[in-house]
Amino acid sequence: MKDIICLKGISYSYYDKFPAVCDISLSIGEGERFAIIGANGSGKSTLLQIMNGLIGQSSGKYFFRGNEVSEKTLKDKGFLRFFRERVGYVFQDSDVQLFCPTVLDELLYGPLQLGIEEKEALDRAFEVMQILNIENLKDRPSTMLSGGEKKRVTIGSVLTMNPEILLLDEPTNGLDPRTQVFLVELMLALNDAGKTLVMATHDLSLVDELHMQVALLSEEHKMVKIGPSDEILKDEDLLLSANLIHEHVHYHGEEIHKHRHSHFLFHKH
Amino acid sequence: MKNKVPLFLLERPSSDSFIPGKGGLKISFIEKGIHHLADVIKTGYIQWETASSDNFFQKIDARVKILFLLFYIIIVSLKKNIPSEVLIGAFVFVLTFLSRLEIFNLYKRVLFFAFIFGFLIALPSALNVITKGEIILPLLHLSKPYRFWIYQIPEEIGLTREGVYGVLMLTSRVMNSLALSFFVLYTTPFTEIIKALKVLKVPDSFLMIVTLSYKYVFIFAKTIEDMHLAMKSRLAGKVSNAEGRRWIAGRLALMFKKSQQRCEEIFKAMLGRGFSNNIKFYGVKKLQTRDWVASAVFFIVGVLFLWI
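Read top to bottom, the protein sequences are chains P and G.
Position 253 (the first sequence) corresponds to 251 in this note's numbering; numbering is contiguous.
Position 223 (the second sequence) corresponds to 229 in this note's numbering; numbering is contiguous.
Calculated directly from the structure, the hints in this document are not laboratory data.
With a straight-line cut-off of 30 angstroms between C-alpha atoms, the simulated DSSO-like cross-links for lysine-lysine are:
no.	chain 1	residue 1	chain 2	residue 2
1	P	K6	P	K73
2	G	K228	G	K264
3	G	K207	G	K291
4	P	K73	G	K38
5	G	K228	P	K75
6	P	K6	G	K238
7	P	K15	G	K38
8	P	K73	G	K228
Ranges between beta-carbon positions, derived for each pair:
no.	chain 1	residue 1	chain 2	residue 2	range
9	P	I53	G	E162	54 to 62 angstroms
10	G	Y157	P	K15	50 to 58 angstroms
11	G	S58	P	I53	25 to 33 angstroms
12	P	G54	G	K65	35 to 43 angstroms
13	G	I314	P	K73	52 to 60 angstroms
14	G	L13	P	K15	46 to 54 angstroms
15	G	A302	P	G172	52 to 60 angstroms
16	G	H41	P	G172	28 to 36 angstroms
17	G	I225	P	G251	45 to 53 angstroms
18	G	P19	P	K70	21 to 29 angstroms
19	P	G172	G	I225	14 to 22 angstroms
20	P	I224	G	E108	36 to 44 angstroms
21	G	I225	P	G27	33 to 41 angstroms
22	P	N241	G	R18	37 to 45 angstroms
Glycine included, every Cβ here is placed at the ideal spot set by N, Cα and C.
The shape of chain P in the complex, shown without the other chains (with noise of 0.2 angstroms):
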């Protein structure tokens, strides 16, 4: 598999104070299921902003498809279209990325920023409200729309533009059971069609399901573990020292029942 990402000891620090990234290193292959997991505030999303070129790291060094990626490279237009066209995003606060005024206005926005002619961009954004089914909101404001439908939409927005690579933010946090089972359809099927998926998540389950590469990042910003999710999960040591699974107290009638909990393992085949 051809390494589409790869990151050689990247830190980032906020406003040269905070840590939020220590020397990551990972490669992340063409059509690959990533994760990337961790406590709250161990990095995940700063790494994922950092892999979208949103932020500069402080140290170290990103490649996409061979090329470094920097705020220097990414001032090249050549190179920033080929790199934005390529790369999607996927906010975790849908409501920061719904910036236009209507559910159509955010379809057409990347693919016109692309240059696509608008018949396309509109056949897009058609052919994508229906996979998403969100047909019926096509001229709705964002802020008169349901977490779910949000979410869909910002998907959708990013789906626009065809990229080869889908960064994605938390995806499932606070969204409903349903609308939780048809992202993961949904991811599924755009893997199936040849699209490289990165999520920065702390839903073991999610990650159960997806059967991904699983990065584990500590709650001091450094990388821990890559491997397999069946392996990684199985490790109950490492996800209690990473804060990923807790000590559980109940009570079983009269007697106290003490044991480690996480919330995916329940569902096992």
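Chain P is fixed; fit chain G onto it per the hints.
Below, chain G alone, put in the same frame as chain P:
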């Protein structure tokens, strides 16, 4: 689901390489503006960090500092000669130095605002059209004097000695007031300032507006910054100034709507936790010996400034 994936999503990019663009991409005015906005958050953090440090002025009780600020701003406004203003300025500078603040950053701001709101605004009043007196710098010579509305426009227009002195006086007052305000702001955590104002009987409704506005500035800056990142992630080229203006106009309306929703949610959250139009504080400490000594010293120095 698999069969429903649109055909265009199966298309792959034609090439794995790119053609370098001609020339670099200039940073748009939006980007620059957003960077300034992001600086608001950084400044807030710096303010919190310096105000919480353990230096000379930071240790003094916020109530003493607020009274110090009011007293000295009154003195600055009452003084009528430039040497006294220079002396007060030097005193504030020494306090800033003792409190280990970043002097360059603080005075950069002070000079910037003093130049705009003191010097530039007052500069026209130095002309003999407004302030009569001895012309020290002639600027224009007219063929005859004119009368316009309440103004008598003389034959020779220029800067007068009295006018220039007035402008310098006003600029130095603005500069000193700003230096004092920034000095207190940079050495006192925001929550302590609000507590002190509450103890000094400032109305609750005013404090509430100040507190919420202060908090909102940060939320607003963060939302705008995130929104800009979201736009940036879908931009493949330069944004022209016209497009930038259109984007901002559209986003302003959206931000207004979102702010309104956020405002309603915050108010509901406040009501949900028992808010009843009164601000309640805890942990208001007694003044210590250090605070009394500092109050006495600042008072005596202030009276000296008034006297000289």
